[in-house]
Amino acid sequence: MNELAIETRDLVRTYRIRKSPTNPSGAPVVALDGVTLDIPRGEFFGLLGPNGAGKTTFIKVLVTLLLPTSGSAHVAGLDVVGQAQQVRERISMVSGGEHSGYGLLTVREQLWMFSQFYGLPTRPALARIDELLRIVGLYEERSRRVSALSTGMRQKMNMVRGLLPDPDILFLDEPTVGLDVEAARDVRAYIKEWIHANSRRTILLTTHYMHEAEELCDRVAIIHKGRIVACDTPAALRRRTAGGTYFVLTTEPLDGIAWVSGVPGVQRADARVTDGRTELRLQVADDGAIAGVVKALADRERRIFSLQKIEPSLEDVFVQIVGRRLEEADEGGRP
Amino acid sequence: MPTQVSVRSQSSLSRWWRTLRVGYWLGWQIESNWTDPLLFFIYSIARPLGGVLILVFMYHVVARAGGAAMLGFFVVGTACWPFVVRGMMGTAYSLISDREHWRTLRYVYISPISLRAYLVGRALAQATSAVAAAAVTLVFGRWVLGVPMHLATINAPYTAAAFVLGIGAVIALGLIVVSAAVLISGEAWRMPEGVGAALYLVCGAIFPVTVLPPALQALSQAIPLTWWLEAMRRGLLGPAVVRSLPQFTDPTVLGFLAMLTALWVAAALVAFTFAERRARQLGILDRESMY
Amino acid sequence: MSEIARARGLRRVVRATLGRAYPRIIGANRERSWLFYDTVLPLLGTIAFVYVYKALGAPDRFVGYVIMGGATMAFWMNVMWNMAAQFYWDKQGGNLELYMVLPCGIVPILLGMSIGGFVGTLVRAAAIIVIGSVLFHVTYAITQLPLFLLIFAVGIIALYGLGVTFASVFLMWGREAWHMAELFMEPVFLASGFYFPVRALGFWVGMGTSIIPLTLALDAMRQLLFPGSHPALLPVRAELGALVGLAVMFMLVARWSLRKMEYLARREGRLSLRF
Ligand SMILES: Nc1ncnc2c1ncn2[C@@H]1O[C@H](COP(=O)(O)OP(=O)(O)O)[C@@H](O)[C@H]1O
Ligand SMILES: [Mg+2]
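In order, the protein sequences belong to chains A, B and C.
This note's numbering puts the first residue of the first sequence at 1, with every later residue one more than the last.
This note's numbering puts the first residue of the second sequence at 1, with every later residue one more than the last.
This note's numbering puts the first residue of the third sequence at 1, with every later residue one more than the last.
Everything labelled a hint here was simulated from the structure, so no lab data went into it.
Accuracy of the hints is not assured; some may be wrong.
Stated by the list, open to error - So the derived list for chain A, only partly shown, Cβ under 10 Å to chain C, looks like this:
#1 Val-12
#2 Tyr-15
#3 Gly-26
#4 Val-30
#5 Ser-70
#6 Gly-101
#7 Pro-124
#8 Tyr-139
#9 Arg-142
#10 Ala-189
All C-beta atoms in this analysis are idealised placements derived from N, C-alpha and C, irrespective of residue type, glycine included.
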């Protein structure tokens, strides 16, 4: 079997749209603008980007819902255009906030129905459904009608539906959107466990929550306006950020800070005075250098109130690469 | 300086009137898509004429001597029925969709207006949208089917009085159905349709109630719509018309229509007051059923 | 999680079909009030038309026409409101996207929808016939039962084939779909002769409206129910032949329109409302 679960080359997808006041020219929207990506089997891969970046479009091309405009995409070594049927045997998908299902059915019936579409024999399918329902904490709800479920419960049910056929490659499109904190944590915990239980499993997850990508993913690609602008492990992405790690140290007022830069290993020092305290922001060559600063302050008989090590988050990475904050981008991104 | 507009200072009648106009205006905005050519064709031409023609062919396959008077009976019944469908079912649907689709019912409810006036306005707007279908049916009946409806023989004042009373009865009925719809959720969408089908059967919409079994005939005489359709036929068609209530004279029919309409309006106001209070007790005024 | 062997091929098609039929049969009967309305509404309409014939002084045979028309109407309503509009609802709910990427393909989904809808409607139609016949003392003497059932079966296949076609067409029409289903009410009851022999429309008009599969099915069944007295459009066997042709044609058109829909959806990305 191919070692690459997902492989795209210069993938482009545009949408033709009607002329409208917001788009007077009627020019096509470029949702994916030349995406080239390799995702090896067994990887938990995250696609991070604001609304409208092209995440859903990317997933839809890979799950055979959309044809690429140009370029190529392979899933499990199979071409999504020419071998769509074989691709469908190996995948499943869960999108956040979807309302799928028939309200009249019970949770268990709804899931059984889907198991039949994958050709699973009824008895083992029901056993697996019960097992999965227990795991996501929906077992008590198994005989309730789908129409009576809360958003969070519905989403958990959809997650079970996605896992039911035991796919090789699982596509999760913002699966925790609209979930409360606890439910989102449950879902994250389980998918993490699921992928590690079997080495043939691969997950492609899209999200616009930084912490989710950071917590779950082996590698993360940042997508912006249909282009991959960065792709690496979360740690490497963080390290890449200029400014890197720094320390914040608050102390009794200092007369001047010129001497701080003289401490061996300190690359840069800025100070701010608030509430009669001085806040030093220190960039150091290595963490050990901070000891010199502490010692120098003790020599000057200045008390230290706090010392904090600040590491860049994916958020910082994003800001640096894309030039604005995700939340701001969100507002403009919605059509 | 901002002008002071005090709603409370207005007399309650003018407030009622204002609310009714707002309801009408809103209903009209929502319903006015019936002027879209496709929708006009579907709802004001194809469906009503399809309905009339079914009856016409049923008449032709039986073709008995002396049956020609039935054509006029069919045409007036089919022309008037859209007012019932719109005014009654349409009003119920507009409440249910205010509640469950637009989710505005709660805001209308807590605003300082009369919900009744608002609903009556909506119902009138619905009824207005039935005018086109009625006109198309009558024109078709007169000029294509040759139903004897002549300006000379139409009793205009009688017809106009019957029409106004009939619309009043339809709206009273609408308010009663709405009262029921306020209290139920799951089947709220289907219930008005069921009531409509039952009325179609007992009110002499397409056949004289004289062929119904005696129990149903008695029931039909308690419903103002039966009298309304009868009065409309007597007003629009000549004396040769087939009668649903042959034992009564023209003025008696109009009198019964007026009396029953007044009764039903009173019943509707009581029913609505009750339903509103009950719904508030149960906290279901802004409930959404889960479909 | 232990491994479960998936069925492929025909066994999966059967499983998937039954899976999709399940909510149609069980689920629909679960909502008691719907069961009630789905039976009582056509019944009330049917009775109203029976009384029209009574008022016209028609022979009893015509009461039988109307009751058959009422039962047929239950199927037509099922096809229009549940089959044709179903994809539209499935799209709104997000089911359709899931269906489009199923390994079993979309055919078992449609088969399941049709079979489930048919079985559910059969019960309602039977109720209408039984209640209507008891109320108005109508008795039927079917002369050639196997032929009668064959005509019914072929008519139903053609009808649900038309339903599948409409499902994709309605989907592409989007919001107008609702209104289209309304358009296909009275005008179709008229054109297919739900309440009177279609021959009354005139021979050539009747031939034209035979494109609606119910027209010929009703006419052929009426010939077998009222031999001698029913004014036939064509001989029974010719009508059966034409129905088989219609069934095949609608299956092909359905297949073509499904492909077209799938292709359009994937190329234009117009299937999903939400993104
Ligand atoms: N069916 C469609 N028709 C037209 N434009 C679309 C369609 N789907 C997505 N788009 C546009 O493509 C871009 C990417 O959308 P999407 O892939 O949904 O982004 P994301 O999932 O990252 O929020 C957006 O600008 C969006 O408006
Ligand atoms: Mg998205």
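Hints versus structure:
no.: 1; hint: Val-12; verdict: 13 Å, violated
no.: 2; hint: Tyr-15; verdict: 5 Å, holds
no.: 3; hint: Gly-26; verdict: 14 Å, violated
no.: 4; hint: Val-30; verdict: 13 Å, violated
no.: 5; hint: Ser-70; verdict: 13 Å, violated
no.: 6; hint: Gly-101; verdict: 7 Å, holds
no.: 7; hint: Pro-124; verdict: 5 Å, holds
no.: 8; hint: Tyr-139; verdict: 15 Å, violated
no.: 9; hint: Arg-142; verdict: 16 Å, violated
no.: 10; hint: Ala-189; verdict: 16 Å, violated
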